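Engineer: Listed below are the residues making up each chain.
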Amino acid sequence: MRRSVSKVLPQLLRSNAAASSPAIQQIGFKLHLVRAFADDANLKRTALYDFHVAHGGKMVPFAGWSMPIQYKDSIMDSTKWCREHASLFDVAHMCGLSLTGKDAVQFLEGLVTGDIAGLADGTGSLSVFTNERGGIIDDTVITKVSANDIYLVVNAGCREKDLEHIGKHLDAAKAKGMDVTMTIHDDRGLLALQGPSAMPVLQKMTQFDLSKFYFGMFAKFDIKGVPCWVTRTGYTGEDGFELSIPNSGMNTIAEALVADSEVRLAGLGPRDSLRLEAGLCLYGNDLEQHITPIEAGLAWTVGKRRREKFDFLGGERIKQQLADGVPIRRVGFISAGAPARQHSDITTPDGTVIGEVTSGAFSPCLKKNIAMGYINKPHDKAGTEVKLVVRGKANDAVVTKMPFVKTTYYKG
Amino acid sequence: MALRRFAVQFGLRAQAPVADLAASWGRAFATVLPELKYAKSHEWAKPQGDVAVVGISDHAQGELGDVVYVELPEVGATVTKGETFGVVESVKAASDVYSPISGEVVEINQALVDEPAKVNSSPYEDGWMIKVKLSNSGELGDLLDSSAYEAHCQH
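One line per chain: the protein sequences are U and P, in this order.
Heads up: the first sequence runs through residues 13 to 424, numbered per my numbering.
Heads up: the second sequence runs through residues 132 to 286, numbered per my numbering.
Keep in mind the hints are simulated off the structure, nothing from the lab.
Just so you know, these numbers come straight off a predicted model, no measurement behind them.
Ideal Cβ positions, reconstructed from N, Cα and C, are used throughout, including at glycine.
Where hints are given, some of them may not hold.
[As the list claims (entries may be wrong)] Now the in silico label distances, taken between C-beta atoms and shown as ranges:
#1 U:Lys316 / P:Asp257: 57 to 65 angstroms
#2 P:Ser253 / U:Lys232: 21 to 29 angstroms
#3 P:Val206 / U:Asp62: 46 to 54 angstroms
#4 U:Glu176 / P:Val206: 51 to 59 angstroms
#5 U:Arg403 / P:Gly272: 30 to 38 angstroms
[Said to hold, decoys possible] Heads up, simulated DSSO-like pairs for lysine-lysine below, C-alpha to C-alpha not over 30 angstroms straight-line:
#6 U:Lys316 / U:Lys92
#7 U:Lys423 / U:Lys405
#8 P:Lys264 / U:Lys379
#9 U:Lys232 / U:Lys316
#10 U:Lys393 / U:Lys188
#11 U:Lys216 / U:Lys188
#12 U:Lys413 / U:Lys389
#13 U:Lys84 / P:Lys171
#14 U:Lys405 / P:Lys262
#15 P:Lys177 / P:Lys249
#16 P:Lys264 / U:Lys84
#17 U:Lys380 / P:Lys262
#18 P:Lys249 / P:Lys262
#19 U:Lys418 / U:Lys316
#20 U:Lys379 / U:Lys413
#21 U:Lys405 / P:Lys212
#22 U:Lys186 / U:Lys331
#23 P:Lys177 / P:Lys262
#24 U:Lys405 / U:Lys393
#25 P:Lys249 / P:Lys264
#26 P:Lys177 / P:Lys264
#27 U:Lys418 / U:Lys224
#28 P:Lys249 / U:Lys405
#29 U:Lys316 / U:Lys114
#30 U:Lys331 / U:Lys321
#31 U:Lys232 / U:Lys379
#32 U:Lys379 / P:Lys212
#33 U:Lys380 / P:Lys264
#34 U:Lys92 / U:Lys379
#35 P:Lys249 / U:Lys92
[Stated by the list, open to error] Which stretches of chain U does chain P cover? Using the computed rule of at least three CB atoms under 8 angstroms from a CB of chain P, they are:
#36 79–88
#37 124–135
#38 268–274
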């Protein structure tokens, strides 16, 4: 059943107010309270909650949801498994939605940087929602199903903020007589199957020919008899698929996938290691409302056609930044000593602060500390020697090109 | 031991004691050794004359997961019961380690610099952290014995 956002939104805002906020920092604090004072009764559960528990999932609160951070495998082993075989992630906490109607594309282009009109039917791309200052409200994968049917997936932690933002502009658009309707797919779940074995495993369960189905493409087809919406995309740097599945079919498909010896379940822990190794941003860490896509190294999301008019929110600032350049840039680091995590200072060798780490961890695949963060120019060039400060100790680090681990998207 | 930053990337930035994780993760069957004394914060002390060897428990290493970095005090430093003396970093988290006893550090486990994973593979033997010359051996009496610690972990 599809519900229109106007009916759903007020309920969501109430039920989620305690556990969701645009600022991840606040979410952490609030989630901790939720955990301390209640059971997970206050947390939302995906259709696979019981499946996770039965498979040894260690459930933790995440953006208002009870989600597995890992299963029986360590985060180290689980990360490596995905790069060599295939991993299945429940990502149903993310919010799928559709914009439909003859003005859907025009409406959405007012809010995002991408050239949605220019996408071929059945293809999609990463894009960002911007605010009036050109800052990033959220990153999202936008798929053009057809000229009047756009499918998006937005971050769980940004859900309320995004829906409120889109809803506000939607009301204005409708008042002007535009034909566009928003539908939230809470009746569907989302699974990500990632890794080199993803294609051979999935091909066994569908008639649809995956060999001509390239990175960024979208199609609707049956898997194990369940009608799915499939996008060839992911958040690991590996080839793989995201499957939007009716909630009633989630268990069927998850059970079928894990029955294959090539597939292991993976939680939020390895998902984060994998995305960092692939140089992909996490909203709330690496992307924030005050960061523009140009500063974030996501200028490529500003479509060529969109650079003629810059007719999206904050477009003037983006135009100016593209013309004048920006003083900071998101870059990668490899460092010695203790892993530098979020909020570690980046300094020059003589101790001048020149930036801040936004994500950092030990890379299970490289066996080195990796990090990304924002650094002042001209220190952003690959090979520049800097220090990352952890608990008062300045550790040697070098600015490093991302991705840290080579990506293997299926481009035919 | 307390998780300083449990899974920072996930926004769970507030301090979360290991005990909290243990309850929610439901891990059981960790090894305890009868000859050791344990702190509720999941460190152990092994008395050897006027010196005690200190490390973290099997239960703690299991909750942390793969240890990738260990930060220890220098020989000659003073540690105080209940106060942090080092940090253990796993793939996702940095955790403070608290001293179960007070005294002067007379030796540190240098091997953990190159092989921090010894904390996982051998928490009570090769993964020891520091040796402390006790300034108040009476403090050992405040620590839990193995059965009390086991009960504490399952609580």
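Engineer: For each hint, tell me whether it holds in the structure or not.
Structural biologist: Each hint tested on the structure:
no. : hint                                    : in the structure
1   : U:Lys316 / P:Asp257: 57 to 65 angstroms : holds (59 angstroms)
2   : P:Ser253 / U:Lys232: 21 to 29 angstroms : violated (53 angstroms)
3   : P:Val206 / U:Asp62: 46 to 54 angstroms  : holds (52 angstroms)
4   : U:Glu176 / P:Val206: 51 to 59 angstroms : holds (57 angstroms)
5   : U:Arg403 / P:Gly272: 30 to 38 angstroms : holds (32 angstroms)
6   : U:Lys316 / U:Lys92                      : violated (37 angstroms)
7   : U:Lys423 / U:Lys405                     : violated (43 angstroms)
8   : P:Lys264 / U:Lys379                     : violated (35 angstroms)
9   : U:Lys232 / U:Lys316                     : holds (29 angstroms)
10  : U:Lys393 / U:Lys188                     : violated (47 angstroms)
11  : U:Lys216 / U:Lys188                     : violated (49 angstroms)
12  : U:Lys413 / U:Lys389                     : holds (15 angstroms)
13  : U:Lys84 / P:Lys171                      : holds (25 angstroms)
14  : U:Lys405 / P:Lys262                     : holds (24 angstroms)
15  : P:Lys177 / P:Lys249                     : holds (18 angstroms)
16  : P:Lys264 / U:Lys84                      : violated (39 angstroms)
17  : U:Lys380 / P:Lys262                     : holds (29 angstroms)
18  : P:Lys249 / P:Lys262                     : holds (16 angstroms)
19  : U:Lys418 / U:Lys316                     : holds (26 angstroms)
20  : U:Lys379 / U:Lys413                     : holds (17 angstroms)
21  : U:Lys405 / P:Lys212                     : holds (24 angstroms)
22  : U:Lys186 / U:Lys331                     : holds (28 angstroms)
23  : P:Lys177 / P:Lys262                     : holds (9 angstroms)
24  : U:Lys405 / U:Lys393                     : holds (23 angstroms)
25  : P:Lys249 / P:Lys264                     : holds (23 angstroms)
26  : P:Lys177 / P:Lys264                     : holds (12 angstroms)
27  : U:Lys418 / U:Lys224                     : holds (22 angstroms)
28  : P:Lys249 / U:Lys405                     : holds (24 angstroms)
29  : U:Lys316 / U:Lys114                     : holds (23 angstroms)
30  : U:Lys331 / U:Lys321                     : holds (9 angstroms)
31  : U:Lys232 / U:Lys379                     : violated (39 angstroms)
32  : U:Lys379 / P:Lys212                     : violated (34 angstroms)
33  : U:Lys380 / P:Lys264                     : violated (35 angstroms)
34  : U:Lys92 / U:Lys379                      : holds (11 angstroms)
35  : P:Lys249 / U:Lys92                      : holds (20 angstroms)
36  : 79–88                                   : holds (count 5)
37  : 124–135                                 : violated (count 0)
38  : 268–274                                 : violated (count 0)
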